[in-house]
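Enquirer: Work the whole structure out from these sequences, hints included.
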Amino acid sequence: MRCGVVVFPGSNCDHDVYHILKHVLGQEVTFLWHGEDSLRGSELVVLPGGFSYGDYLRAGAMAALSPIMAAVRRHAEAGGLVLGICNGFQMLLESGLLPGAMRRNRNLLFECRDVFLRVERDDLPFTRGYRKGQVLRMPIAHAEGNYIHHADQLESLEEAGRVVFRYVSPEGEVAAEDAAPNELGELWNVNGSINAIAGICNEEGNIMGMMPHPERCAEEILGNVDGLALFSSAVGALEVTA
Amino acid sequence: MANKKTKGTGPITARITVYPRPEILDPQGKAIASALTRLGFDGVEDVRAGKSFEIQLRAAATQDVEEVVRRMCKDLLVNSVVEDYSVELLDGEAKP
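Protein chains in written order, with my numbering: chain A, 1 to 242; chain B, 1 to 96.
Hint data in this document are derived by calculation from the structure and do not stem from the laboratory. In this text the structure is predicted, and so the values were computed from the model without any measurement. Any given hint could be a false lead.
[As the list claims (entries may be wrong)] One-sided excerpt, in silico: chain A residues whose CB lies under 10 Å from chain B: (1) Arg103; (2) Ile148; (3) Gly192.
[Unchecked claim] With the C-beta cut set under 8 Å, the calculated list includes, among others, these residues of chain B facing chain A: (4) Ala33; (5) Ser34; (6) Leu36.
[What the hints assert, rightly or not] Here are a few chain A residues that sit away from chain B, every Cβ distance over 12 Å (derived from the structure): (7) Gly60; (8) His150; (9) Leu187.
In this text, a Cβ means the ideal position worked out from N, Cα and C, and glycines have one as well.
Expert: Right, here's the structure in full:
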């Protein structure tokens, strides 16, 4: 199966995703330039992290209007797999492919550290390699990952089970968005996201966005492979349907 | 720059002010408020940090400029999930 990693001016996690898909999972991968209007047959499309267009206006806002995003939208609406990581998640929100928006992190800092995630869905093409309730360790690196949505729409998002990952303690407990750090200075919901949301999907489950970086923890040499199952699940899902 | 303008022809400046919706926590505004208090400005109760755009445009006589500017806001300038905005249309070009 063929994977496409979209490269925007300012993307900086594109090669990491490419490396995991190609060299760790042995898939056929191609880079797709943001100015293209075709996905060139890609079945799994990844919008990688970075600072597309220098985060001008709002993170992901300019990238959401790139020529390639029209092709990504068609692919997604036809049921194709689309994964947005970090800045890629922000693009999915800005393009309306996923609901909600990002604010500056609650503490106004760029947060670059490992967090703990609880898997809320293990039936998606991206998460079949995990089990519900499993706690993963994954790095985050962002200043605008403080997820928010209107109260009523948040409720329907929750009711539909569209929250895929939540920021939790190492034991898997959700902390309130306004919780103070514990005695060790640890704060599980680092950015202050509402309902500790770290990742969501669309109703059909073929579009997923997440702030943490699975591509930075998907190979033994990186010291953590918690992110690998996400990519292998997606690749596996395509092989089944192919 | 003079009077408020509602209909076309000639240069127009659209001044758009974007601010966080009232129910949305504004971490930047909070940080600025506490910095002002630290500087000794008493009585600062709240700060909302937003941004503004000044767009110079030239509209046809038949065009509803405000409608066009509001569409710009909806399509790009404003994220309605977290932001509100107001539009002011002025004759002529904005002077710095």
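Enquirer: Ile148 (chain A) was flagged as interface toward chain B. Is the shortest Cβ-Cβ separation under 10 Å?
Expert: Ile148 (chain A) check passes; min Cβ-Cβ to chain B is 6 Å, inside 10 Å.
Enquirer: Closer than 8 Å between Cβ atoms is the bar; does Ser34 (chain B) clear it against chain A? Give me holds or violated.
Expert: violated (11 Å)
Enquirer: Against chain B, does His150 (chain A) keep a CB gap of more than 12 Å to every residue?
Expert: Per Cβ check, His150 (chain A) is inside 12 Å of chain B; nearest 7 Å; violated.
Enquirer: At a threshold of 8 Å, is the proposed contact between Ala33 (chain B) and chain A supported by beta-carbon distances?
Expert: violated (13 Å)
Enquirer: Quick check on the hint: Leu36 (chain B) CB to chain A CB, less than 8 Å?
Expert: With a closest approach of 15 Å, the Leu36 (chain B) hint is violated.
Enquirer: Hint Gly192 (chain A) vs chain B: min CB-CB distance below 10 Å?
Expert: holds (8 Å)
Enquirer: So is Leu187 (chain A) really clear of chain B, every C-beta pair being over 12 Å apart?
Expert: holds (14 Å)
Enquirer: Quick one, is the Arg103 (chain A) hint okay against chain B at 10 Å, beta carbons?
Expert: Hint holds; Arg103 (chain A) Cβ to chain B Cβ min 6 Å, cut 10 Å.
Enquirer: Confirm or reject the statement that Gly60 (chain A) sits farther than 12 Å, beta carbon to beta carbon, from all of chain B.
Expert: The claim is violated: Gly60 (chain A) sits with its nearest Cβ about 10 Å from chain B, within 12 Å.
Figure legend: structure checked against the earlier numbered hints; hints not met, in rising order: 4, 5, 6, 7, 8.
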